[in-house]
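Whenever a hint applies, use it, and build me the whole structure from the sequences.
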Amino acid sequence: MDCYLDPSAAGFAAFKALPRDEPIHMLNLLRFRDRAEYPADHPNAGKGWSGQEAYTEYGHTSGPIFQRVGGRIAWRGAFQVMLIGPEDRQWDDGFVAEYPNSAAFLEMVTDPEYRKAVVNRTAAVLDSRLIRFNPGKGSGNRF
Numbered sequence: 001m002d003c004y005l006d007p008s009a010a011g012f013a014a015f016k017a018l019p020r021d022e023p024i025h026m027l028n029l030l031r032f033r034d035r036a037e038y039p040a041d042h043p044n045a046g047k048g049w050s051g052q053e054a055y056t057e058y059g060h061t062s063g064p065i066f067q068r069v070g071g072r073i074a075w076r077g078a079f080q081v082m083l084i085g086p087e088d089r090q091w092d093d094g095f096v097a098e099y100p101n102s103a104a105f106l107e108m109v110t111d112p113e114y115r116k117a118v119v120n121r122t123a124a125v126l127d128s129r130l131i132r133f134n135p136g137k138g139s140g141n142r143f
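Here the UniProt record's numbering is used: position 1 in the sequence shown is 1, and no number is missing along the way.
Hints may contain errors.
As the list claims (entries may be wrong) - Here are the in silico distance ranges between beta carbons for each label pair:
id: 1; residue 1: 135; residue 2: 44; range: 32 to 40 Å
id: 2; residue 1: 122; residue 2: 79; range: 19 to 27 Å
id: 3; residue 1: 21; residue 2: 44; range: 31 to 39 Å
id: 4; residue 1: 87; residue 2: 8; range: 20 to 28 Å
id: 5; residue 1: 112; residue 2: 14; range: 22 to 30 Å
id: 6; residue 1: 136; residue 2: 48; range: 43 to 51 Å
id: 7; residue 1: 18; residue 2: 46; range: 40 to 48 Å
id: 8; residue 1: 131; residue 2: 59; range: 18 to 26 Å
id: 9; residue 1: 39; residue 2: 83; range: 32 to 40 Å
id: 10; residue 1: 9; residue 2: 46; range: 31 to 39 Å
I should point out that these hints are in silico values taken from the structure, not numbers from a laboratory. Backbone N, C-alpha and C define an ideal beta-carbon position, used for all residues, glycine too.
This is the structure we're talking about:
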C-alpha cells in the first residue's frame, strides 16, 4: 500500500500555479498510526500517544495559526464504508478546511510556528490525501 504524508514537488507547484485570490476548500482524508512516531529528541517522544492523540496535539498547536489566516472547518465527518475505491482504504478522519484564498494556506504552511506544529501531524498520520477544490466553481445542485 502506498502512503502519502507530504505534497509532492509537482503537486505543490501545481497548487501554487492556480489562482491565489479566490476561496479554496481542502479535502483532508487521514489514516492514523496505531502509535505516534516522533523523532527521538522531540518533547512528545516516549509519551506513548496514539496517532489520534498526536493529531489532536497537531490541532491544538496549529489551530491558532489556521484561524489567524482565516481558515475554518467547513465540514467534518466520520468514515463508515468505501463504496467506490480500494476496499483496503479506510480513513480515520475526513474534513474540509476552508481558506479565504490559497495565499492564506501558503502563509500557514510557511509560518515558523506551524512548521514546529506539523511534527505532530507527521508523527500521527500513516496515510493521507489533501485535495484542493474551488467551492465557487462547482456545478450547483445538478449531477
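These are the hints, each one checked on the structure:
1. 135 - 44: 32 to 40 Å: With a Cβ separation near 34 Å, residue 135 and residue 44 satisfy 32 to 40 Å, so the hint holds.
2. 122 - 79: 19 to 27 Å: holds, 21 Å
3. 21 - 44: 31 to 39 Å: holds, 37 Å
4. 87 - 8: 20 to 28 Å: holds, 25 Å
5. 112 - 14: 22 to 30 Å: Since residue 112 and residue 14 have Cβ atoms about 25 Å apart, the given range 22 to 30 Å holds.
6. 136 - 48: 43 to 51 Å: holds, 44 Å
7. 18 - 46: 40 to 48 Å: About 41 Å separates the Cβ atoms of residue 18 and residue 46, which means 40 to 48 Å holds.
8. 131 - 59: 18 to 26 Å: holds, 20 Å
9. 39 - 83: 32 to 40 Å: holds, 38 Å
10. 9 - 46: 31 to 39 Å: Since residue 9 and residue 46 have Cβ atoms about 33 Å apart, the given range 31 to 39 Å holds.
Violated hints: none; the structure is consistent with every hint.
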